[in-house]
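Protein chains in written order, with the working numbering: chain D, 1 to 113; chain S, 1 to 115.
Quick caveat, the hints were computed from the structure, so don't treat them as lab data.
Note that the coordinates shown come from a computational prediction; the quantities given were computed from them, not determined experimentally.
Do not rely on the hints blindly, as some may be mistaken.
[Said to hold, decoys possible] From the structure, some residues in chain S lie toward chain D, with a derived Cβ separation under 8 Å:
{"hint": "1", "residue": "Gln42"}
{"hint": "2", "residue": "Phe90"}
{"hint": "3", "residue": "Gly106"}
By construction, the Cβ of each residue, glycine as well, lies at the ideal position given by its N, Cα and C atoms.
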Amino acid sequence: AAGVIQSPRHLIKEKRETATLKCYPIPRHDTVYWYQQGPGQDPQFLISFYEKMQSDKGSIPDRFSAQQFSDYHSELNMSSLELGDSALYFCASSLGTVNTEAFFGQGTRLTVV
Amino acid sequence: AQSVTQLDSQVPVFEEAPVELRCNYSSSVSVYLFWYVQYPNQGLQLLLKYLSGSTLVKGINGFEAEFNKSQTSFHLRKPSVHISDTAEYFCAVTQRSGSARQLTFGSGTQLTVLP
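Generate the whole structure from the sequences, applying the supplied hints.
See the structure below:
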């Protein structure tokens, strides 16, 4: 069965650079969530989209932005990167806001040097 | 708003022994409850979930969990663990109603199965 695809799997950037992370949800899933997991931390919710509209916002820095496109894939754009942005970024998808299960991708490991 | 507390950050246990990973939650609204497992450098995999009905929920890999509403707990158990169960386990909740369906995670419990 198709799963949530995230790209790239690994990314190394320098401070003050920008990064774009991509997420391709499971086919027919219309809801996407982004989470950030720092080293030794639990995943923290960043932002979510339902039907291409932002549905909720968590602890996402102003330097970050995200959107969901017409094909339901989502991109997380990160600017003015800081060392503290180094983390594992997960994307999850679900079917609507009624479905109770979110499926997670393998994550993108971002390292800021 | 909701929060999740995983009472043990690390649980070492010998192979074939039983294990219980504890999870308590707090919420002003009704919630759904989940346990996820994360292997090193991997994504989060759903072990099991409680939505409604029977308070004893069975999941993959021989795990089960029991929802206790009065104690606001959702402890994870396995009667006999294997080396391959070594991983980080996260308890999570999401609210039952409304549009905000993001998960709130606990801080995780590292289960280490010793030979």
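Worksheet item: Do the numbers back the hint for S:Gln42, that is, is its least Cβ distance to chain D under 8 Å?
Response: holds, 7 Å
Item to complete: Please verify that hint: S:Phe90, Cβ, nearest Cβ of chain D, below 8 Å or not.
Response: holds, 6 Å
Fill in: Interface hint compliance - S:Gly106 to chain D, C-beta minimum distance less than 8 Å
Since the shortest Cβ distance to chain D is 6 Å, the answer is holds.
Going down the numbered hints, you'll see the structure goes against none, and every one checks out.
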